[in-house]
Amino acid sequence: MKKTESPGVKLAKKTLFYVVATLLVMTWLLPLVIGVFTSLKSMDELMADPVMWRPPKVLHWENFVDTWNKAGMGRYIINTFIVTVPSVVGALLVSSLAAFALAFYRFKGSRFILITFVAGMLIPFQMLMIPVFRMSNAIGIDDSWAGVMLFHMAFQLGFCTFFMRNFMKQIPISQIEAPRIDGAGEFTIYSKIILPLSLPSLAALGVLEFTWIWNDLLWSLVLLRTDALKTVTLGLANMQGEFISRYNLTAAGSIIAALAPLAVFLFFQRWFIEGLTMGADKG
Amino acid sequence: MKKILAIAIVVLAAATLFVSCAKKGSNELVIQSYMSDEAPKAAFQVLADQFTKENPKIKVTINTTAHEQYKSQLMNYLTAKEAPDVLTWFAGFRMQQYAMKGLLEPLDKAWDNTQFPAAFKTASSYNGKVYFMPQSWYWWSVYYNKDVFAKLKLATPKTWDDFLAVCAALRKAGIEPIAIGAKDTWTAGGWFDYMDVAVNGGPFHQDLTAGKVAYTDPKVVNTFNYIADLSKKGYFMKNAASYSWQEAATLMFDGKAGMYLMGQFIKDVAPANKKDSIDWFRFPLVGSNTAYGVDTPFDGFMVPAKAKNKENALKFIAFLARKDTQESFNKSLGRLSSNQNVPVPNADAQRGLDMVKGATTAMQFYDRDAPEEMASKGMDAIVEIINTPAKAADILAALDKERVRIYAAVQ
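Chains as they are written, first to last, in our numbering: chain A, 1 to 283; chain B, 1001 to 1411.
Misleading hints may appear alongside valid ones.
Said to hold, decoys possible - Covered by chain A, per the in silico footprint, the following chain B stretches (three or more residues, Cβ under 8 Å):
(1) 1034 to 1045
(2) 1062 to 1068
(3) 1081 to 1087
(4) 1260 to 1273
Don't read these hints as lab results, they were simulated from the structure.
Even for Gly, the Cβ is constructed at its ideal location relative to N, Cα and C.
Using the sequences and the hints given, assemble the complete structure.
This is the structure:
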């Protein structure tokens, strides 16, 4: 039998929990708060006052207008959408097909293929910078969106396939066998049965991938040279000069850039939580 | 579900189509630039617009990449099949290493000896051919807070002993004598250049950056002893390694630090109300030496051997060398023009120019005169010596091993 705690101990535990939780939340929020403060200060105030978490004396909303106009954030954000959306869609499409095969077909080497996908995730991408540039330059897709998309899809494939395959494994095999007996083709089973069942995990994965690809600097940096093609992370990096960094404008730009993934997350939030915990409680 | 699939496929197909349509025209000029600072970027755009006006048939595109990232991507720009036509870069070894590998286009056709001093041609050439078009330059010197010096009744030091006395007086008054933002290790590179030239003279320093002298040579050790001595006396600011150069400059603007060995661009970051209280003096002379050296890095342009529109590139390079274009670019930035026919923009620049004219040695900067890897190891070592002066001998011994390895790979 469980011993019941006295009200005093209960209260102390509760207080401790809230104190620790509040401290943790504050620690996590501090960088964000500093970012917002920095984005609203003038450069002179920033340079004169080393205390970053002091609220701005005068609110300089024009920093946001400045980054938008001078740094050309509008163009960069459109470019990033153009790169991100097809990359996410492509990665999800290809990886769900691969996951379908890995989850439901028994064939020689299926385990090996799965391990290859997982192993691919373990390679640090920085190591591949020069090979990727050489290859894309040789086949003429460097300095183009197609190249960036292709590499995003390729590099995200490992994680996506692994994630989708583990999810699909939980779908009872009878869901496949029944339509097969009824004469459905394999692609029909994939598109009419398995994909709708996987929708929550697809949504969760989509949100994750969207954020990752949106925030990517490495591949855009390696592959894009032309200003008109550059993505938002490169645009933010360009606000650092050779000698002078305009911290306030960079902070304002970062906040603007963070809005898109935030909006996507809020929109898909319901599926996101569902998808991540899917299968955690076996009924 | 079919709908979603159909949409996905359509999106992908549209994207590929869209991308493959974006083919490039023929009469173009593509410039890859690291001028991401607001002021130089705007000044450069003015030049590009003027070039377009003079050559209406050439379509000019400027692509800007942040400075640090530009450096990491330069090799890609130089070796790409469709390389950019004009690249911004630095003179000295930093450029010559690429000329050595045959990655650059000679610019002799655009070079005019009446426009540039002979010393500029040397730093812009490799094996008798010009590969670099200098545009602007700036000087390094010891910047100081005039208000602090006035309050403590300090005169600007001329000799090393004067300098030590000023440091002692500042320390006594509770002010950090020497600001240095060692998080950016290049700030230490300036100390190395100036200290070594002051102690051992210009020719010796040039041999050192060329890899001909060991870092364990007694003369080099002597240079580092001067730096270690400053550190032992506590004249470098505390926690230097946790400040970026810009943050450390703030200490001097606020009067919390007295002096800062820095490039002329430090004026650009001073808040408007502090600009006038910042001035500079020449790095002090050591011992009986009267000859001095200066760090005068110059920036300019080069053309990759694989450039697509070489004719336009050379036209643009000749355009950039002209007196009027250099004047228009540098006047607004307060920098000095490489073209010697351009009048000096202001009194401060005149003083800088006079200092340079009186110098026996002009250096580009440690990380431009020495191979990049060597300079980065060297600058790390200097910062380490500033932090732990007692270990100087060990640090230099380790550094010399790197020298042997790095120069073996370069030659």
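Hints, one by one, checked against the model:
no. : hint         : in the structure
1   : 1034 to 1045 : holds (count 6)
2   : 1062 to 1068 : holds (count 7)
3   : 1081 to 1087 : holds (count 3)
4   : 1260 to 1273 : holds (count 7)
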